[in-house]
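Protein chains in written order, with my numbering: chain C, 1 to 116; chain U, 1 to 116.
Read the hints as simulated data drawn from the structure, not as lab findings. Careful, some of the hints might be misleading.
When chains are identical, the list treats them as one kind, so a pair holds in a single copy or across two.
Unchecked claim - In silico SDA-like pairs for lysine to any residue, Cα to Cα no more than 25 Å straight-line: (1) Lys15 x Gln90; (2) Lys78 x Asp38; (3) Lys15 x Pro92; (4) Lys78 x Ala58; (5) Lys15 x Tyr89; (6) Lys15 x Thr91.
Here's the letter readout for the chains.
Protein chains: 2
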Amino acid sequence: MFQWAEHVDDEHVGKVRDALDDLPEHIGQIRSYVHGFDVGVSEGNFDYVVVADFDTVADWRTYRDHPSHVLFVEELIKGHVANRAAIQYQTPAHRSPQDYSTAGIQELLAQVDELG
Amino acid sequence: MFQWAEHVDDEHVGKVRDALDDLPEHIGQIRSYVHGFDVGVSEGNFDYVVVADFDTVADWRTYRDHPSHVLFVEELIKGHVANRAAIQYQTPAHRSPQDYSTAGIQELLAQVDELG
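Model the full assembly from the supplied sequences, consistent with the hints where possible.
This is how it looks when you write it as structure tokens:
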């Protein structure tokens, strides 16, 4: 999660959104990538969030150090945020990241197609 | 996301985890509920995270004000956290919360079963 610095305007946030939309095309290790701005229903919230799913810690490290991600951080994040909150967490076994991934859904849809 | 106060030990975190595991049984508006502790691969992280999906802002408000959730906050969060970071965000149309929910997966699995 990020809280923007004071100078950050809607145009900059639009660039962040577009850049984040593009990242999964460049980084194959991303299983699911959901991001968005705070919708304004609570006081004291952060401004923007990215929720990214990976199969392994190694895949997350590849993403973190990937040139496309590093460039995104350098160009659109560094110097533009007042506050950052981050965590890496493991989803429970009965809710593996794959269950929520596009790949997981597409696998299930493919099974439906095959059987139909 | 929470950063625990200094007095919080593993036993307390275990109680938080168990209470969060129970909440979806009590609050029907929850579509997906993923939570977990920081796995310790980055410096400066928060300690615990909850990612909850709802169909509507109204459903989120019902959850927020639900007696089971309020009791959880009163008993296990208030007075036990040094820092909190929160955001409410809308997932993109092509990735609706339902796509990642247990209900969504089960619907797809039911289709597979029916066809098989």
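- Could you tell me which of the numbered hints above are not met by this structure, giving the numbers in increasing order? No hint contradicted; all consistent.
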